[in-house]
Amino acid sequence: MSLSEHVFDAVIIGAGGAGQRAALQLAQSGKKVAMVSKVFPTRSHTVAAQGGINAALGNSGPDNWRWHMYDTVMGADFLGDQDAIEYMCKHAPDTIIELEHMGLPFSRNEQGKIYQRAFGGQTLNFGGDLAHRTCAAADRTGHAMLHTLYQKNVEARTHCYNEWYAVDLVKSVNGGIAGVIALCIETGEVVFLKSRATILATGGAGRIFQTTTNAHTCTGDGLGLVLRAGLPLQDMEMWQFHPTGIAGVGVLVTEGCRGEGGYLLNKNGERFMERYAPHLKDLSCRDVVSRSSMIEIREGRGLGPKGDYVLLKLDHLGEEVLKERLPTVMTLAKTFAGVDITKAPIPVTPTCHYLMGGMPTNINGEVLTVNKLGKDQIVPGLYGAGECASVSVHGANRLGANSLLDIVVFGRAAGLHLEAALQSGIEMPQVGTAELEEAMSRLNRWNFSQKGEDMHVIRTEMKMIMQKDFGVFRDGDTMNDGLKKLQALKERLAHAVLQDKSLTFNTARIEALELDNMMEVALSTAVSAERRKESRGGHSRIDFPDRDDAHWLKHSLYFGDGRVGERQVSQKTKETAPIELQLREH
Amino acid sequence: MAKTNVTLTSSNAGMPEDRQLTVSIYRYNPDVDKKPYTQDYDIHTSEFQGVMMLDLLEALKIKDPTLGFRRSCSEGVCGSDGMNINGKNRLACVTSYLDFSNHITIRPLPGLPVVRDLIVDMTQFYKQYEKAKPFLQNKNDPPVRERLQSIEERNKLDGLYECILCACCTTSCPSFWWNPDKFMGPAALLWAYRFVADSRDTQKAERLEALEDPFSMFRCRTIMNCVDVCPKGLNPTKAIAHLRDEMLKDTS
Amino acid sequence: MLRSVTSLTRSGLRDWLVQRITAIVLAGYVIFLVGFFMLNQPMSFGLWTALFQNGFMRIFTFLALLSMVYHTWVGMWTVLTDYINCPRFRLLLVIVIVLSLFSYLAWAVAIVWGLR
Amino acid sequence: MKQKRPINLNLLTIRQPVPAIASILHRISGVILFLLLPLFIWMLSESLGSEFSFNALQKSLSFWGFKLLLWVALSALAYHLVAGIRHLIMDLGVCESLPCARMASYFTLIISAILAISLGVWLC
Chain H
10 MSLSEHVFDA VIIGAGGAGQ RAALQLAQSG KKVAMVSKVF PTRSHTVAAQ
60 GGINAALGNS GPDNWRWHMY DTVMGADFLG DQDAIEYMCK HAPDTIIELE
110 HMGLPFSRNE QGKIYQRAFG GQTLNFGGDL AHRTCAAADR TGHAMLHTLY
160 QKNVEARTHC YNEWYAVDLV KSVNGGIAGV IALCIETGEV VFLKSRATIL
210 ATGGAGRIFQ TTTNAHTCTG DGLGLVLRAG LPLQDMEMWQ FHPTGIAGVG
260 VLVTEGCRGE GGYLLNKNGE RFMERYAPHL KDLSCRDVVS RSSMIEIREG
310 RGLGPKGDYV LLKLDHLGEE VLKERLPTVM TLAKTFAGVD ITKAPIPVTP
360 TCHYLMGGMP TNINGEVLTV NKLGKDQIVP GLYGAGECAS VSVHGANRLG
410 ANSLLDIVVF GRAAGLHLEA ALQSGIEMPQ VGTAELEEAM SRLNRWNFSQ
460 KGEDMHVIRT EMKMIMQKDF GVFRDGDTMN DGLKKLQALK ERLAHAVLQD
510 KSLTFNTARI EALELDNMME VALSTAVSAE RRKESRGGHS RIDFPDRDDA
560 HWLKHSLYFG DGRVGERQVS QKTKETAPIE LQLREH
Chain R
152 MAKTNVTLTS SNAGMPEDRQ LTVSIYRYNP DVDKKPYTQD YDIHTSEFQG
202 VMMLDLLEAL KIKDPTLGFR RSCSEGVCGS DGMNINGKNR LACVTSYLDF
252 SNHITIRPLP GLPVVRDLIV DMTQFYKQYE KAKPFLQNKN DPPVRERLQS
302 IEERNKLDGL YECILCACCT TSCPSFWWNP DKFMGPAALL WAYRFVADSR
352 DTQKAERLEA LEDPFSMFRC RTIMNCVDVC PKGLNPTKAI AHLRDEMLKD
402 TS
Chain L
113 MLRSVTSLTR SGLRDWLVQR ITAIVLAGYV IFLVGFFMLN QPMSFGLWTA
163 LFQNGFMRIF TFLALLSMVY HTWVGMWTVL TDYINCPRFR LLLVIVIVLS
213 LFSYLAWAVA IVWGLR
Chain F
20 MKQKRPINLN LLTIRQPVPA IASILHRISG VILFLLLPLF IWMLSESLGS
70 EFSFNALQKS LSFWGFKLLL WVALSALAYH LVAGIRHLIM DLGVCESLPC
120 ARMASYFTLI ISAILAISLG VWLC
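Chains as they are written, first to last, in my numbering: chain H, 10 to 595; chain R, 152 to 403; chain L, 113 to 228; chain F, 20 to 143.
In short, the hints are calculated from the structure, not lab data.
BS3-like mimics (lysine-lysine), calculated; alpha carbons at most 27 Å apart, straight line:
no.: 1; chain 1: R; residue 1: 290; chain 2: R; residue 2: 307
no.: 2; chain 1: H; residue 1: 472; chain 2: R; residue 2: 212
no.: 3; chain 1: R; residue 1: 185; chain 2: R; residue 2: 212
no.: 4; chain 1: R; residue 1: 186; chain 2: H; residue 2: 510
no.: 5; chain 1: H; residue 1: 581; chain 2: H; residue 2: 563
no.: 6; chain 1: R; residue 1: 212; chain 2: F; residue 2: 23
no.: 7; chain 1: H; residue 1: 122; chain 2: R; residue 2: 284
no.: 8; chain 1: R; residue 1: 239; chain 2: H; residue 2: 343
no.: 9; chain 1: H; residue 1: 343; chain 2: H; residue 2: 276
no.: 10; chain 1: R; residue 1: 278; chain 2: R; residue 2: 333
no.: 11; chain 1: H; residue 1: 499; chain 2: R; residue 2: 212
If you only want the chain R side, here are some residues facing chain L, beta carbon under 7 Å, derived:
no.: 12; residue: 329
no.: 13; residue: 363
no.: 14; residue: 364
no.: 15; residue: 365
no.: 16; residue: 369
no.: 17; residue: 398
Note that the coordinates shown come from a computational prediction; the quantities given were computed from them, not determined experimentally.
Note that beta-carbon positions come from the ideal geometry of N, C-alpha and C, so glycine has one too.
Bound conformation, chain H alone:
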């Protein structure tokens, strides 16, 4: 098999916030680095983040990164690793200042400092009053950040493989990762990108659900790559449902709406969050608000012909505030719901939004697996950062505006660590034909498929199962049922056919490869969700409604071959005392 090789110090898969931050770090330090992205970098889904990015800058009153850490640990329902959370919250201010220096056009306050708004789950003084900790560029923070990072990469002349698709990881002869098989979408050319280290920053996988705020491209590619390389995924049952997706369409309207003073209403015009969470009300954690909305809907207090949504009221904020702080929401509501937010509320419903789980990593972004004794082991040559990684700062539920923080903090951390590692020398991995053939097998399967089922049928069925059986509320029986159906679907997918085998910009081929990944992610979610017999954060079971720290205060692991396992949740902190286990306010 002749496969052309392109050799690099580091290859980064994905050009969202995490990938670009890591790439920038390495490019600026003069390393030979390639950034591979299936879309042009500024089209990555980071661009859609609206609300902001948390950091205890203290621009509107006193703040402390320890308070931020407390909120994050609480928000995560104690499934987050406290060493990682400490690292993230402590480095948040510097990371934001760095972004500001790069040119990110943050909104400003009267003193000319970065504007900070209130956001869900953010408190002062360990659970006190609402904190204004979320730095924002109007309601386009993700867009502003992604473009700023890309612009800095343009300046640093980072080598970009734009519209190239990472097919599968290539293992080295000694069990590490030696790079990736990449497919040029424009020409159909396939190459082996060989590198001393590979960073996966492929983002989320929300497209496994029927309705999601995620982009079409959020298909969990990195997660599929990792599973097929024999490595585990962690906490794959932990999906966040965002309380305010526009009903029926799934388009996101930011939590910043509630941060600016908006609130939710049921069909009786009742501000129901006052009932579920008297302290933080509409700015409770997302899992709490989503569950509350779903209860309202299930108990018949929803609106619409099917009674399947609630309302987000904003008009009382006044046209000026809405125009200045929430301009995107204004247009989105107009376009997708036909609503003028200065006059009427937006119909919203909890919508699949974010994956807290992913490939386990340490705070340096190094991907971990567990050995036979159940001990963590670093996978040589493989890093992960961003939504596809589970470091884990979000645990069982992510706080709003912690995702943009996660991607820059750990994109940077991975970059810094790899930079140092390259400085002290990483050997170029050795690859044999067997490894290359294995990495090519999936692409070859599709390319030589002759007869079989259309993949879109399978895709549609998968999404329906996920939506129905693995949504906001979960139940053992229905999950078992869903899991069986998914397993049958995976079998069918192995025999599905790729009709169009043309080379030039064949999006059907990419969709087929993506579906493989989505199926892996769906299965990992189903297995992990069925297995975790408690309710915690984003995972709420009707049959096990309570958190069970005695049995389940641990990360769940899932391997591609069906094996499952566990990892300890880290309570080890460096500078500050760990947050003690306690129940969350509900």
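Following the hints, put chains R, L and F in place on chain H, whose structure we already have.
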């Protein structure tokens, strides 16, 4: 507990009525076609969910997987799915078919080489973007904290930084059609001004000087096709005018 | 930066300014002529020649002619660089246009200054 | 391979807004004016040459072909002038929004049409 009177004026409460659409799409796959042609598709709107042109295209792609187009966020912020729909450049994901008659024509963005079907080669567009040096340059040492910027100074960036690089504007501009290699086009010039207007950038003079030749910026004939099509409601023509004013201020 | 040897000033900014200043002169000249023409109906040979024998009018005319040359140079150069892709052919056309503009100028100057 | 790629640039399929039409007419009228420059200078020459040539020029106005040519020339001049004034005004930064520019373009077209018709009436 607080109670509010709920009045819902939302229009998506009911499903829109079923319509049979004929969609004429520009097709070209270099692997099989010698030259481009137009293919007509018939589809009932009840066959798919959603009212956006992207929903329609996704439904057509299930019928005909060979149909090529780019898409990602589906909410008008990633800028992937710019295309020429009924003669005007737009984003498919935020354009509703309800605004059109039952016959809709979709063609790729004008003026750029077609890779396949509705997918154009954007290399030239990105090259022009990079010519604008679209990154903050500040030759002073950064302070420990953020660089201060007043609300008024920050407001100058509004209407500039929101560009999503969808290329709708640049590919609607005749000046770009005739000189794609020399005229930077509205998007790149909007970005050029975004950094000239930033109080934190120290390279204003150099930036302006780089635009002074007869082509890069001065090819703009202020016909405002760019403003007409911008899905984000931005005004590149105005940005170009401001760049020119800055140049006049600098040189006179 | 992109340069072109055949553009009038080789600077976009200066070309742009020249185009505007000459436009103002030309607009003023045309409007003046139209006004003169309409206010003096029916026009006679005497009135008409008297106008062009006036010193100020001669200077105004000369300015307008010069403006015409520069305005047209910039304008036609722009049109050619938009639509004519072959550089040699374009160069030829620019030369032809510029030469004819200067010969028009000479012709018109000869007419007005030739008046007795 | 990139060389062979087609470009979608069939102008008949691309909708052009009014300001674009106003602009292309400005360009066309400019080119017409350039081509008719000899006519203008010849007329200047004839009108100033002698009483005889002045009268001859006036007489040639009764010839319809000449009338038509003159109408085209003067209409082009009128359009180029009106559209040019619009440009100059817009350069002052007073009309930077699309609705205003659109309105200005409509005005340009209407005023020029009125001028062209008036010229036609006057020449007949």
